[in-house]
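Enquirer: Position chain G against the provided structure of chain U, taking the given hints into account.
Quick mapping for you: the protein sequence lines, in order, are chains U and G. Taking my numbering, the leading residue of the first sequence gets 1, the next gets one more, and so forth. Taking my numbering, the leading residue of the second sequence gets 1, the next gets one more, and so forth.
Don't read these hints as lab results, they were simulated from the structure. Here the structure is a predicted model, which means the values were calculated and not measured.
Okay, derived cross-link-like pairs now, DSSO-like style, lysine-lysine, Cα gap no bigger than 30 Å in a straight line:
1) Lys143/U with Lys53/G
2) Lys54/U with Lys142/G
3) Lys142/G with Lys123/G
4) Lys7/G with Lys224/G
5) Lys142/U with Lys54/G
6) Lys149/U with Lys63/G
7) Lys47/G with Lys143/U
8) Lys53/G with Lys124/U
Part of the chain G face toward chain U, derived, beta carbon under 10 Å:
9) His52
10) His60
11) Tyr74
12) Arg93
The calculated label-pair distances, taken between Cβ atoms and stated as ranges, are:
13) Ala199/U with His52/G: 28 to 38 Å
14) Thr186/G with Lys224/U: 35 to 45 Å
15) Lys224/U with Gln88/G: 39 to 49 Å
C-beta: ideal position from N, C-alpha, C; glycine also.
Residue-level listing of the chains:
Number of protein chains: 2
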Amino acid sequence: MAKDELKLLGGWFSPYALRVQIALNLKGVDYEVIEETLNPKSELLLKSNPVHKKIPVLLHADKPICESGIIVEYIDEVWTHAPSILPQNAYDRANARFWVAYIDDKWLPPMINILIAEDDEAKKPHFEIVEEAAGRLEEVLKKSSSEGKAFFGGDTIGFIDIGFGSFLSWTRVIEKINGRKLLDETKHPSLVQWAETFAAHPAVNGFLPEIDKLIEFSKILKLKLAAAK
Amino acid sequence: MAKDELKLLGGWFSPYALRVQIALNLKGVDYEVIEETLNPKSELLLKSNPVHKKIPVLLHADKPICESGIIVEYIDEVWTHAPSILPQNAYDRANARFWVAYIDDKWLPPMINILIAEDDEAKKPHFEIVEEAAGRLEEVLKKSSSEGKAFFGGDTIGFIDIGFGSFLSWTRVIEKINGRKLLDETKHPSLVQWAETFAAHPAVNGFLPEIDKLIEFSKILKLKLAAAK
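Isolated chain U, as found in the complex (with noise of 0.2 Å):
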């Protein structure tokens, strides 16, 4: 393997090996994806990630690196040259990091469990720590609005930016599959906004999966998870 050939052990499906490929198209440096299906799972990821088995995995001359969040922070920290994608503060950069860890915890969880509730009653408790999620990310982006910046991170995309946008998709999903908003325009005028400036971003754009194929996934997921509970 040449010295800094790059391949993504990823999915489609998954928001966490898209936070590491927007994370690569912002430095801008070529990368092959490999993808990997829910069932086998192939020698390569098992030899790669031999602790979780799962990806994303980024394989750097050979060297695995897992866990989208730590590969993204390894990206920036490899290709140092701008955009920066966690903030040159460390201050900011604690912050940012806060912010990634509650929406990994308070976004796609909640909704892996609105997508396997039985009924409605079953799905209420999800629905409200998503509701109260979606509350507190708007006052992040509004405060960071109201400096007249497009993205959380400031002018471009940047950490929180790829941690909350990457479950953009499976947000619609959620949303068309239970004929309900996650993300609201009169509630969450800012996210909304911002969701919309995310998509077109060079670095997403024709990257995020498409929603008719992500439903039909999901109903395989849906049963998959169901039998592991």
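Expert: Frame of chain U; chain G shown alone:
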């Protein structure tokens, strides 16, 4: 508050607050600890960490930083003098972050589940998680030991050492309550040796909570967690 004044909202029982203390001790910077109790939470804590309402919070010239791993990285980034807590090399840094995330996931949560489990049958799957984790961490440390290094991070305490070492006292508590070793001299000789070296380090010695006091505390915690279930 003075420009560099540091206040740690902590609790003597909290392994996460201990991480921050060890990091500050390593850097040799002065700080004040403000002891929080489980209940009620102080106004200062609620104001400083309104999202999670949890310790630890580091107040650096009044600005709050939350979440132990994020705080430790912040400390390393602000006080850049030796010793470095995270490795200098980006790949090693990704690796350190990976193992701390692993420890956060696979060590304290199963120990808490063991604490609140009602009988041996209920404890079993959680002991298995801890056992697998101990095996994996022994392998990681053995690799470092084979290169003549005393710690996970090298010759001095690093990010993984702090991440895992902060759980040592609680590990002893679970061992003592259950009459069963989690870190075993035969299976985990490197970890057992490391635990001694870690506990004797000047940045750690005198900061680990007393086991018997923690056992008394664990009884209150158990009731509280059982009630919240």
